[in-house]
Amino acid sequence: DVVMTQSPLSLPVTLGQPASISCRSSQGLVHSDGNTYLSWFQQRPGQSPRRLIYKVSNRDSGVPDRFSGSGSGTDFTLKISRVEADDVGVYYCMQNTHWPRTFGQGTKVEIK
Amino acid sequence: EVQLVQSGGGLVQPGGSLRLSCAASGFTFSNYWMQWVRQGPGKGLMWVSNINTDGSSASYADSVKGRLTISRDNAKNTLYLQMDSLRPEDTALYYCASATNSAFDIWGQGTMVTVSS
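Going down the list, the sequences are from chains A and B.
Going by my numbering, the letters in the first sequence line up with residues 1 to 112, in that order.
Going by my numbering, the letters in the second sequence line up with residues 1 to 117, in that order.
Extracted from the complex, chain B is given alone in its bound form (with noise of 0.2 Å):
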């Protein structure tokens, strides 16, 4: 079956740091961009970062950039998103998803970050 896995999210203090992770079957996750998308509480979505096939390039939002990191593990079929110095407004719904121009997209299954005190 083709998905993607999502763990690592939790309640965490401003100022603290958690990683998520992305885990990928049922395909060639090395052929494949990928992405992380977010959904605060009752919003909408928003982008956060790509990471091109073999990791050595990224992009990120603006509000995220010098905080979260996106890495992948091809030889893991893992995608990673390390966040540090989070903020109460990094509170949100986090997605994986691929990040393609073709005609394949998957989601994982969304993983909840807090960041409260």
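Chain A extracted, bound-state conformation (with noise of 0.2 Å):
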């Protein structure tokens, strides 16, 4: 199985400012069609998953233009440009180019 690693697990941040969490895959993640199948997940507390980006650096509808997902290869991050309240929570990287998927671990980002 593809293991997925996050780093950090924890990210205390300031409001306002930036954030980057880091992702890196086992194997790498471009898929026999040219595409790289690495999501962003973000989950609030006590509330479902969603995703905020797809295939590496796509944005799903209504997520802000602070979140940007970039990366290649085995190498992925996902940056918050400007850290609000409301950004508290935990964030999954997964990978759905090999199977089965597999998700990192969580990094859960809170305010300091």
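No lab work stands behind these hints, which were simulated from the structure alone.
You may find that some hints are simply not true.
Straight-line C-alpha distance at most 25 Å; calculated DSS-like pairs for lysine-lysine [claimed, not checked]: (1) B:K65 to B:K43; (2) A:K79 to B:K43; (3) A:K55 to A:K79; (4) B:K65 to A:K112; (5) A:K108 to A:K55; (6) A:K108 to B:K65; (7) A:K79 to A:K112; (8) A:K108 to A:K79.
Using the hints, put the two standalone chains together into the complex.
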């Protein structure tokens, strides 16, 4: 199985400051169709997850442009340009290139 | 309103069975791959299973293969997860969700399954 490793696992941030989460995969995530299927999810406390980013850098509908995804191969990053109180929660990367699909361990974002 | 409404969770003894349902509305359900994702108490997300648009193809995590079965009824706009031979380690909050590689993402509210004697 492809192992997804996130860092850090805990991320205290100051309101208005940027934040960055890293996700590394144990295998390359380029699909045979040429696409890289790496997604990012946000799970606010007590809520269902929601996807923020798909195919490395594409924002889902309604996702603020403060969120951006980047990366290639085995190294990927989620960036929040200016953290807001609403961003508190756990963030997960997920690969859907290989079977079985696998998630990272999650990164807990909290306000300092 | 675009939504997925889940039902069917509960308490079951080890070795028992449950069927989870996920009713879709507000979008063309038959156009989308769907999935089940679970979250153990205090734990992270774990992918469980995917199914294609017409239900002819499904994939599973190794830990559930042969015990959990995903299916869908496009006429009823409903996704299912049949859970047999349940184990304590299957205890989790189960989410149904779309499984797309396009700008469409929707999740159910989650349903709790507790496997305990």
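Now the hints, each set against the structure:
Distance restraint check for B:K65 and B:K43: the Cα-Cα separation of roughly 21 Å lies within the 25 Å cut-off, and the hinted pair is therefore satisfied. For the suggested pair A:K79 and B:K43, the alpha carbons sit about 23 Å apart, so the restraint of at most 25 Å is met. Between A:K55 and A:K79 the alpha-carbon distance is near 15 Å, which keeps this suggested pair within the 25 Å criterion. Taking the CA atoms of B:K65 and A:K112, the gap is near 43 Å; set against the 25 Å cutoff, the hint is violated.
Distance check on the hinted pair: A:K108 and A:K55 sit about 22 Å apart at the alpha-carbon level, within 25 Å; holds. Among the hinted pairs, A:K108 with B:K65 is inconsistent with the structure: their alpha-carbon atoms are about 30 Å apart, more than 25 Å. For the given pair, A:K79 sits about 18 Å from A:K112 by alpha-carbon distance, which is consistent with the 25 Å threshold. As the CA atoms of A:K108 and A:K79 are separated by approximately 14 Å, the hinted pair is consistent with the 25 Å bound.
This entry does not satisfy hints 4, 6, going by the numbered hints stated previously.
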